[in-house]
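Undergrad: The chain contents come next:
Protein chains: 2
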Amino acid sequence: MVEDYRTHPNLAKIKIVLVETSHPGNIGAVARAMKNMGLSQLVLVNPKEFPSQVASVRASGAADVLNDAQVVASLDDAIADCQVVVGASARMRKVSWPQLDVRQTAQLAMETVSADAQAQVAILFGREDSGLSNAEMDKCHYLAHIPTNPTYSSLNIAAAVQVFVYEFLMATDIKSVHQAEGYRHQLASAEQLEGFYDHLYQALQDIAFLDPSKNARFMRRMRRLFNRSQLDVKEIDILRGILTAAQRQSNQLKTLTQDRD
Amino acid sequence: MVEDYRTHPNLAKIKIVLVETSHPGNIGAVARAMKNMGLSQLVLVNPKEFPSQVASVRASGAADVLNDAQVVASLDDAIADCQVVVGASARMRKVSWPQLDVRQTAQLAMETVSADAQAQVAILFGREDSGLSNAEMDKCHYLAHIPTNPTYSSLNIAAAVQVFVYEFLMATDIKSVHQAEGYRHQLASAEQLEGFYDHLYQALQDIAFLDPSKNARFMRRMRRLFNRSQLDVKEIDILRGILTAAQRQSNQLKTLTQDRD
Numbered sequence: 003m004v005e006d007y008r009t010h011p012n013l014a015k016i017k018i019v020l021v022e023t024s025h026p027g028n029i030g031a032v033a034r035a036m037k038n039m040g041l042s043q044l045v046l047v048n049p050k051e052f053p054s055q056v057a058s059v060r061a062s063g064a065a066d067v068l069n070d071a072q073v074v075a076s077l078d079d080a081i082a083d084c085q086v087v088v089g090a091s092a093r094m095r096k097v098s099w100p101q102l103d104v105r106q107t108a109q110l111a112m113e114t115v116s117a118d119a120q121a122q123v124a125i126l127f128g129r130e131d132s133g134l135s136n137a138e139m140d141k142c143h144y145l146a147h148i149p150t151n152p153t154y155s156s157l158n159i160a161a162a163v164q165v166f167v168y169e170f171l172m173a174t175d176i177k178s179v180h181q182a183e184g185y186r187h188q189l190a191s192a193e194q195l196e197g198f199y200d201h202l203y204q205a206l207q208d209i210a211f212l213d214p215s216k217n218a219r220f221m222r223r224m225r226r227l228f229n230r231s232q233l234d235v236k237e238i239d240i241l242r243g244i245l246t247a248a249q250r251q252s253n254q255l256k257t258l259t260q261d262r263d
Numbered sequence: 003m004v005e006d007y008r009t010h011p012n013l014a015k016i017k018i019v020l021v022e023t024s025h026p027g028n029i030g031a032v033a034r035a036m037k038n039m040g041l042s043q044l045v046l047v048n049p050k051e052f053p054s055q056v057a058s059v060r061a062s063g064a065a066d067v068l069n070d071a072q073v074v075a076s077l078d079d080a081i082a083d084c085q086v087v088v089g090a091s092a093r094m095r096k097v098s099w100p101q102l103d104v105r106q107t108a109q110l111a112m113e114t115v116s117a118d119a120q121a122q123v124a125i126l127f128g129r130e131d132s133g134l135s136n137a138e139m140d141k142c143h144y145l146a147h148i149p150t151n152p153t154y155s156s157l158n159i160a161a162a163v164q165v166f167v168y169e170f171l172m173a174t175d176i177k178s179v180h181q182a183e184g185y186r187h188q189l190a191s192a193e194q195l196e197g198f199y200d201h202l203y204q205a206l207q208d209i210a211f212l213d214p215s216k217n218a219r220f221m222r223r224m225r226r227l228f229n230r231s232q233l234d235v236k237e238i239d240i241l242r243g244i245l246t247a248a249q250r251q252s253n254q255l256k257t258l259t260q261d262r263d
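Line order of the protein sequences matches chains U and G.
Residue numbering for the first sequence follows this note's numbering, starting at 3 and increasing by one per position.
Residue numbering for the second sequence follows this note's numbering, starting at 3 and increasing by one per position.
Only chain U is shown next, with the shape it has when bound in the complex:
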């Protein structure tokens, strides 16, 4: 984390994650846009070419952000310690996913990081040509789109990041509504959420609820529902406790049924 320039502490909790960026010039321009708006955490998932002289030139005075960029091999590594994961994408009318515009995203992010001092928020930007894959979008709690001219909506990736980081800076005075309520535990990380979803998936099979042929769509629906509510670690514990109780009966039932055979 870059600490050598003055910035709002909440901006330091926002990660900009670039997935398989092709052009190093774009990575440099993203670093510059980030530093201009006071952000410092840049994560590169499998960049095609990095480090790169072209990136450094485009970064201009943001060499520190570029030098401190974290390079990782998988998206999971990039977001494991993040409580809210947002995928930036062109608006898709047919995808049923919670969609936010940039201003709403910035508000959500600032509410999240001010509610929980440990919380971090990741904003994912996909490949220049093909964006994020479906599997990558499945890791997202929200999709965020930039309002655009409907007939020409494809922004350069650095321009897209510029709009997001500008809105983040504009939103820095937003406080969490939960802060006053003071009832929440630490928000669950993406890793803890995945653990819950795996457990749920298994438990739904154990209690003979889930039709495996419909799993992908069904689990996506469950993710949407629980991601919307921003589970905290205590709630994850409770929900998994309920699943375990249901599974315990399911095992007992299985044992008894086998006994009878």
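Quick caveat, the hints were computed from the structure, so don't treat them as lab data.
Be careful, since some hints might not be right.
Note that the list lumps identical chains together, so a pair holds whenever it fits in one copy or between two copies.
[Claimed, not checked] In the DSS-like style, the derived pairs of lysine-lysine whose C-alpha atoms are separated by at most 27 Å in a straight line are:
(1) LYS256 x LYS50
(2) LYS256 x LYS141
(3) LYS236 x LYS141
(4) LYS216 x LYS50
(5) LYS236 x LYS50
(6) LYS236 x LYS256
(7) LYS236 x LYS216
Just so you know, these numbers come straight off a predicted model, no measurement behind them.
Given chain U's structure and the hints, the job is docking chain G onto it.
TA: Okay, now just chain G, sitting in the frame of chain U:
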């Protein structure tokens, strides 16, 4: 004026004026940013190199904006037909000038062009290295600055234009087109929610999870969790389906256990 793509009529009344831009790549990136946000009027005052292949490449799908750009020899020619002239500049604390941020500028511009069908607004962007001269700022009715990290406030010119044109689009009613969400079913009524909570309470007892002495506090926690996510009617159906599946096993287990006694 470019008319071949759908845009908000008020955006067509905003001129982006680039004064003595050095790098043709920046001109191309500005054209792209403008078209992305539905603007069409680009005016170049004494560009160093234009037309340019580099500009065309960076403009990507915004060749029409670039081709229709007006090249003029003086700033006066660029702004002669404009009612409001705003100079984009780094924030200058010692200059006594009406200063706006980008959002205020967009609001002012949209108010101006919707109040008067003939009105046009010019936003001036200076040279990459030295900005606008004092004589050029004297032609401005307002100065506008982009809020930034105070220790690194120098945006690339195309990035600066991107932030302005984004705010212009956000200030039109065009975004209302995007507002229809469409992915949610009808939100559950309070009565449907109560039905779900009753069902949950019973099922948690059936699967031997719930300690009755802690019911009130526990159920309050469950209510907070699910109320936060604003369940829709379809989600209520699914959640109750899961509860029913768990209860079915619980009943089978009870029957089998009684058989053995």
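Undergrad: Please work out whether the CA atoms of LYS236 and LYS216 approach to 27 Å or closer within one copy, between two copies, in both situations, or in neither?
TA: between (30 Å within a copy, 16 Å between copies)
Undergrad: Under a CA distance limit of 27 Å, which applies to LYS236 and LYS256: within one copy, between copies, both, or neither?
TA: Intra 30 Å, inter 31 Å, cutoff 27 Å: neither.
Undergrad: Have a look at LYS236 and LYS141 and pick one of within, between, both or neither, based on CA distance no larger than 27 Å.
TA: Answer is both; intra-copy 21 Å and inter-copy 22 Å each pass.
Undergrad: Taking 27 Å as the upper bound on the Cα-Cα distance, should LYS216 and LYS50 be classified as within, between, both, or neither?
TA: Cα proximity of LYS216 and LYS50: none, with 36 Å in one copy and 55 Å across.
Undergrad: Within, between, both or neither: how does the pair LYS256, LYS50 come out at a Cα-Cα threshold of 27 Å?
TA: For LYS256 and LYS50, the Cα distance exceeds 27 Å both inside one copy (51 Å) and across copies (59 Å).
Undergrad: First find the shortest C-alpha distance between LYS256 and LYS141 inside one copy, then the shortest across copies, and answer within, between, both or neither for a cut-off of 27 Å.
TA: neither (34 Å within a copy, 39 Å between copies)
Undergrad: How would you label the pair LYS236, LYS50 (within, between, both, or neither) given a Cα cut-off of 27 Å?
TA: Answer is neither: 40 Å inside a copy and 43 Å across each miss the 27 Å cutoff.
Violated hints, listed in ascending order, are 1, 2, 4, 5, 6; each of the other numbered hints is respected by the structure.
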